[in-house]
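**Student:** Spelled out from the first residue to the last, the chains are:
2 protein chains.
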Amino acid sequence: MGNEAVMLLWAVVMTAGILAGESKYMVYNTSQGIVPDKLNVHLVAHTHDDVGWLKTVDQYYVGSNNSIQAFFQRWWRDQSEAMKLVVKKLVNSGQLEFINGGMCMHDEAATHYIDMIDQTTLGHHFIKEEFNVTPRIGWQIDPFGHSAVQAYLLGAEVGFDSFFYGRIDYQDRAKRKSEKSLEVVWRGSKSLGSSSQIFAGASPENYEPPSGFYFEVNDASPVVQDDPELFDYNVQERVNDFVAAAVAQANITRTNHIMWTMGTDFKYQYAHTWFRQLDKLIHYVNLDGRVNALYSTPSLYTDAKYATDQSWPIKTDDFFPYADRENAYWTGYFTSRPALKRYVRVMSGYYLAARQLEFFKGRSKSTNTDSLGDALAIAQHHDAVTGTEKQHVANDYAKRLSIGYKEAEILVSSSLACLCPLLNVSYCPASEAQLSQGKNLIVVIYNSLGWKRAEIIRIPVVSGDVIVHDSEGKEIESQLLPLVDTYVSLRNYHVKAYLGQTPVQTPKYWLAFAVSVPPLGFSSYIISNAKRPGSSSTRSSVHTFHTSESSAVEVGHGNLKLTFSMDHGKLTEYVNSRSLVEETVKQSYGFYTGYNGTNDKLPQNAGAYIFRPNGTFLIKPEEEVSSTIMRGPIIDEVHQRINSWIYQVTRLQKGKEHVEVEYIVGPVPIEDGTGKEVVTQITTNVDSNKTFYTDSNGRDFIERIRDYRADWDLKVNQPVAGNYYPINLGIYMQDAKKEFSVLVDRSVGGSSIVDGQIELMLHRRLLLDDSRGVAEALNETVCVVNDCKGLIIQGKLYYKIDPRGEGSKWRRSFGQEIYSPLLFAFSEQEGDNWINSHRPTFSGIDSSYSLPDNVAIITLQELVGGKVLLRLAHLYEHLGSTDVLVQRPESLTVNGLFNIRLVIGEDKDLSVLTNVELKKVFPRKKISKVAEVSLSANQERSEMERKRLVWKVEGPSKRNDAEIRRGRPVDPTALTVELAPMEIRTFVIQFVSNPASSI
Amino acid sequence: MGNEAVMLLWAVVMTAGILAGESKYMVYNTSQGIVPDKLNVHLVAHTHDDVGWLKTVDQYYVGSNNSIQAFFQRWWRDQSEAMKLVVKKLVNSGQLEFINGGMCMHDEAATHYIDMIDQTTLGHHFIKEEFNVTPRIGWQIDPFGHSAVQAYLLGAEVGFDSFFYGRIDYQDRAKRKSEKSLEVVWRGSKSLGSSSQIFAGASPENYEPPSGFYFEVNDASPVVQDDPELFDYNVQERVNDFVAAAVAQANITRTNHIMWTMGTDFKYQYAHTWFRQLDKLIHYVNLDGRVNALYSTPSLYTDAKYATDQSWPIKTDDFFPYADRENAYWTGYFTSRPALKRYVRVMSGYYLAARQLEFFKGRSKSTNTDSLGDALAIAQHHDAVTGTEKQHVANDYAKRLSIGYKEAEILVSSSLACLCPLLNVSYCPASEAQLSQGKNLIVVIYNSLGWKRAEIIRIPVVSGDVIVHDSEGKEIESQLLPLVDTYVSLRNYHVKAYLGQTPVQTPKYWLAFAVSVPPLGFSSYIISNAKRPGSSSTRSSVHTFHTSESSAVEVGHGNLKLTFSMDHGKLTEYVNSRSLVEETVKQSYGFYTGYNGTNDKLPQNAGAYIFRPNGTFLIKPEEEVSSTIMRGPIIDEVHQRINSWIYQVTRLQKGKEHVEVEYIVGPVPIEDGTGKEVVTQITTNVDSNKTFYTDSNGRDFIERIRDYRADWDLKVNQPVAGNYYPINLGIYMQDAKKEFSVLVDRSVGGSSIVDGQIELMLHRRLLLDDSRGVAEALNETVCVVNDCKGLIIQGKLYYKIDPRGEGSKWRRSFGQEIYSPLLFAFSEQEGDNWINSHRPTFSGIDSSYSLPDNVAIITLQELVGGKVLLRLAHLYEHLGSTDVLVQRPESLTVNGLFNIRLVIGEDKDLSVLTNVELKKVFPRKKISKVAEVSLSANQERSEMERKRLVWKVEGPSKRNDAEIRRGRPVDPTALTVELAPMEIRTFVIQFVSNPASSI
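Same order as they appear, the protein sequences are chains A and B.
First residue of the first sequence? That's 1 in the UniProt record's numbering, and the numbers climb one at a time after it.
First residue of the second sequence? That's 1 in the UniProt record's numbering, and the numbers climb one at a time after it.
Please note: incorrect hints may appear among the correct ones.
Which copy is meant is left open, so a pair is good if it fits within one copy or across any two.
[Stated by the list, open to error] Lysine-lysine pairs mimicking DSS-like chemistry, simulated, CA-CA at most 30 Å apart:
| hint | residue 1 | residue 2 |
| --- | --- | --- |
| 1 | 474 | 737 |
| 2 | 280 | 399 |
| 3 | 88 | 280 |
| 4 | 84 | 280 |
| 5 | 365 | 601 |
| 6 | 908 | 796 |
| 7 | 586 | 84 |
| 8 | 361 | 439 |
| 9 | 180 | 508 |
| 10 | 89 | 280 |
| 11 | 55 | 280 |
None of these hints come from the bench; they were simulated from the model.
With the hints as constraints, model all of the structure from the sequences given.
**Tutor:** Now the structure itself:
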């Protein structure tokens, strides 16, 4: 894996230690520092080495094993001690600077904040261990838009003093240039405000040198020819070019410091070509004297900016969506490669749970979660989970995840076996096994959340004659739902495609039953053959309706009822008898055709990055296609075939007040020669007034207004693509009475193009490249033997309509359950005396304790040496009492929303300070020390706060800083962690070794 | 300038001094030497850096100032002392090896041997001075065919033990592979035979690595991935690839040593990419053990070959012409850029003369011939004088020559002024000045040859009332020839094109008169206004004939008479009344159209490199165009306009028995969309029986037989292009009675496509690129302001018909005079008493002495420190008494030629041992020491001979080695240099300082 961004500053090394030779040998003076009364051009030598894009990460590394900055960690472990000493010397002198310091430069749209934290922590740990260095600078120069969570959480909370990035909307950039506001103080969190702000600079033109200053081997920029004995001496000309470019940049920049990013993708393969020219430029430009050129780093630049005592404009919200020019919105990649995105999300939740189990069992050197952690870290790269890599590279990421998963699975199984202690626990879905030989199937269900969960689970079984008992031997209600052909054939197809074999057995039913699992613990359930006829699980009633039938069907068990109008094949009425919400809801599918701009003057196709629709097409359910209703005591399902390549199940579960929609989409047809981007729309009567909310990396919700940007007067050229936003947790909208929320199971793009309607893009299949470098059409294809067809994806979305002000509880708590689904393990057991032989339930925390509803343990991980890394996240936002997020344009009516916002936080009960009792989180261990550390755990939190630069902002504050709340330091005796809204606190905890009892 | 080829062998430096690090750090074992009982794969790391091709030499250097092997001399002078010490250490250890060692890798077809010697001497001097190293290996891997002179003169005579090259005919290569005869002992000289032989190896496929072993940055070959922790581990696969490639090469190679040229054009820009892979390959291949891989150099390889005691096939003659595949004969470049070729040749002769004058005057640090020497050295590069560079690069070479010339011109003028001693001597043609103001024009004429010369010279004058006196005041006969319009307008055009101005005065006449100049000396002549009417120079009689007139006109003054048939506009009869040769001669012009293969399956256009005619077109003299005859006492001229773009003058001079043809060709018309290659044919009745002779680099003549190769059964696919050969001195043919010789004024391509006829290609203008990398059509264009037209070239050829056995005297002696034309300087003088004020004649050698007719001083140059470098060249060949040059195919009749060859040398009088008296060559100095040195003057000759490897050859010798003659060592008292036929002997001579008199 690689630490993607490492700064280089070789200047001194290039010229130091040189003997003054004969007259021909030039010694260039590159020792120049800052000159206060001149324009200072900070030359920052850098290379941007994607950890996978056109080639896989390893192909990039071994194929160009040639430069210190490329895939630093891989390179580092191959080096001799002598070379390591040289590098350490360069790092200590400041000539080589680590910035960002994650394992990759993660994406900011399709990534979940927990993954971002994990991958940054991995990289920072490596740098700390090897160099005792704490990176100070955020460096996200290539990701395709920038998130609020990146700025405050992966920026300020990591201890960065500044944050630099390259890609912001072309209209925004133009305005910022004219206002000298490319550099701002960014307050990304409404809850944490100025306590989590960061100095943030967008570069004038991505992350390249000024035109004419590219010095890679074979680059065409004129080199400085300063040998008068050779032809084409050009020193003055090049100095003039330099000064002109510097002055141009100074004209759009505050203070007399500008930064030049001297490098771009995969440069410095032969660093001398750059440094030779930079040496000369510094030497001759400073002889010229008009401007001051110096070797610099982002740290030096940041300190120079800070030293000017300048006040900076404030930036809130984020930089999405990103368009690099007209009609070129990079909003397609929010959905590109939906299967990979889902795989990453599943692995993310699994990694969280697996580390908990690893901690409970005790970390092993041989089998652990490291490989999965590495694979997940790389997968966060901005050409990985984004879906903007070539197909073979996407395959490589998936392969790495699968290898990591396999190793973690062994760990998980052995941990559960160890905890149970039931031998031969297997995580592999064994539930399809025949139970006829008198065997019982034991299902072990692990809950990685800090609160007890009651859920309906479903397990495929081959026989209907089954019965379920809980771990106390009590029979519990269960329901059998027949597996429909669509699922069975899809299952067989995928087994054939990925395992190369046809399944021996085909399950006939889903067996559904309600389970209850303690916090950070497991429960066990036993599935066995029903001994008496009639005693077995309840079979669902199944009714099939044809579209010709004119009837309405109601489904639902408790408070929530849905009524489907069968003649239209559509849901029509949503009624919650508890909350008294009644709503007419319609769900539909449609697709956009990908724009083919090949023959345009300024060609811009739709592609992996870019969403550029060429028309909207509603998919009407096919004539004479039936809908099937399955009903039973636990689950009601409405199955609908939307067309030949879209199948949908609407599911209601006993005890739950949300609707679960499962969809199967694909292969998207391309026989007509056009690519398609498939969306679903859920339409309500919510009077959303152009406004909706989407999450930032699954964390803070940000207000979005259709065809509007807070920072500039938007010129609308793409009324759909330009209103798309990334969604990792969910999207919602509201009016004075109601909130309508949709949650997702992976990163997708979505919007509200019509008031009251939420639209999600589910799948993309395109036939053209969009000219952003990947040079491959996003046409995902699966081949079984020689039969290739477009990728079929399967996913879920969840929606709920709440009374105004009551939606966040579901979005936050259930959202966390989507991220951390219950984890199953299975075992077969002869006879029924097994209960006596093992521990049927377990909780990692004190059995009397549960974490507050507004807190999640997002990391619980044993470190080398027995210490534990613990991260606690408050899940709710505090919105402040005077917080005005955006300046509404006068054309927009101010609605009730504004007033409510004045009152309080996201949730009236849960957006409050809360406490976690560490002693109860670790009931079996004795805590000897709790150190609060930075988010990436590479320094003490107090040290980080002490060093933090405090930037001045211009204009009146829009938020009363006094309202900002933070949890107090942890009292070493009480060991209670206080968490303010949206706060994440990170601790390294030490235990007294060998406490009296373990587990 | 650059020493083009430098061997790299970094292996030890890569792995030496490395600490044994942690397990991940690999130390590769690359210390492997030769293993006698295995197949040894000599990995020779090299890069081939053209000193100009697509970019100029300086552009290549400063644009990629990044690697030790590139343009070594330029790089070297920029280095610190510390770096120089590192390099010296590498050179001393053998890790870095200088091979070839010239300033460039000169071409072998379009170069004159004197230039080849000079440029090699310059490079060898640099290497000797800086490193005390004498290169042992010839390395001509890229030139487009290989010459006999290269092998024996620039190979064996320089002291090389072996010589490696890349390009030989594809048919030849195929046969040599099957016979394992790519490696031979090459005896390039008929005269010197085994005393000048060299081990010579053609590589199996040019000079690249085996397919799949290219390791430059960004190359696609699979790198050795030996980290089992990363994906795609491929060590065994790569070892297998290596072994397979080695075995394949071993199968076509004698002995168990093969060489891999690990590099190609402009590689090792970042050497680590290569050495990392080579390290790994050596390590793992040797662990595998099937073959032995080692870091090597051409020296180590040569020694390994020698140690096997193998016998090698003998190769004689040369490797021209070169075709790299069917229909792809690289014979176009023999003529490409004829103006540049002429410029190089003019400068070459001038450089020789200028160094003589520099010696006579005493070398100055400020103004000297160094810059011209450097420019000429670079111009010998195989993409320089060849004409295969881009246009702007050709311009750069010309510019360098012009700068060098300007500096040398100052030196020449001041030397002559110093010798005269007449103030203000100017070399600039001042003869056009008006003489009416009572001024005289003094013409100083320098002869750089060692024998006295009597020639007719011509000077343009503006007035016809002039008279010429010799330096003793005696009036001498002169003749005025009117300048025809074609010349005047061409002159004005070129002045405008190159100087940007229109000439103020236009000369009206050529003033011709006979001069006599002593060896290495000058004479003076005075041109003044005729004082008496009628006493002035004789005006030529001028007659104009129209093609309609039916008459025959005879021209000529003495023995040689030509008769022109005016109604055909053609010469018809050639009669020499002394030698009794009578011959019907026809001269014609024609052109080939350049093949356009763009749409072929295997495209092959005609272009800068490749001659591929698509049809032959005879140019018929235009109807009704007149011929003009000018006659007078000294010169007779026949002016003929062949067509609108070809003009020709046939010239006979008093006292000379050859015909001089001056031609003006161009702009070659391209309005019809086809490129053209313009040729002239001179047709006689000589019964040449498919056989003709062309020189090798202006030195040895080599027999050529049409549609035949001595080394293999030629498959003829290009009956014209495949019979073209390079010509630098001349071409001749013979039958039992006569010899017909044509000499040239520059490098051209030529052949005999029809018996009795000699064809020369004079000009090429093509519209397509021939796909050999230059990527530019050879369409030379001259622009005056905005008016651009095709290049017009002007040149001369000379022909003579002699009785059998008498031609060589003219070819050799007059050929030397073409190379070293008389050099003019001018001065104006008031009155006529100037004779008393200066020395009107001078000879650098003893006034009683003249060098033998068969010897030329090809170098007389003062070295730093007052020593003198002297090279004496015997000009005649010794052919031996049993020498059979080629095995005649049975289909060819053996003619008289064979018998005559059995008898004696090239000339019955002059192919003999001869002597030069050094004391008389330096009459004004006292010689203190004469050291005979190698041809490139970098080691004592005796030391060179002592070290020389003596290679074994297979089969019976075709030549009696005992017949080979060499001059004996110089007796330090007698100081007489003995020269055998074709021998060139090089001496460094020291003088007693401050002898009694100088000059």
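**Student:** Look at each hint and say if it fits the structure.
**Tutor:** For each hint, the structure was consulted:
1. 474 / 737: neither (43 Å within a copy, 127 Å between copies)
2. 280 / 399: The answer is between: 27 Å across copies meets 30 Å, while 46 Å in one copy does not.
3. 88 / 280: both (26 Å within a copy, 26 Å between copies)
4. 84 / 280: both (29 Å within a copy, 21 Å between copies)
5. 365 / 601: Neither: 59 Å inside a copy, 62 Å across copies.
6. 908 / 796: within (29 Å within a copy, 104 Å between copies)
7. 586 / 84: Neither: 63 Å inside a copy, 80 Å across copies.
8. 361 / 439: Answer is within: at 28 Å inside a copy they meet the 30 Å cutoff, but 114 Å across does not.
9. 180 / 508: neither (66 Å within a copy, 73 Å between copies)
10. 89 / 280: both (24 Å within a copy, 28 Å between copies)
11. 55 / 280: between (34 Å within a copy, 22 Å between copies)
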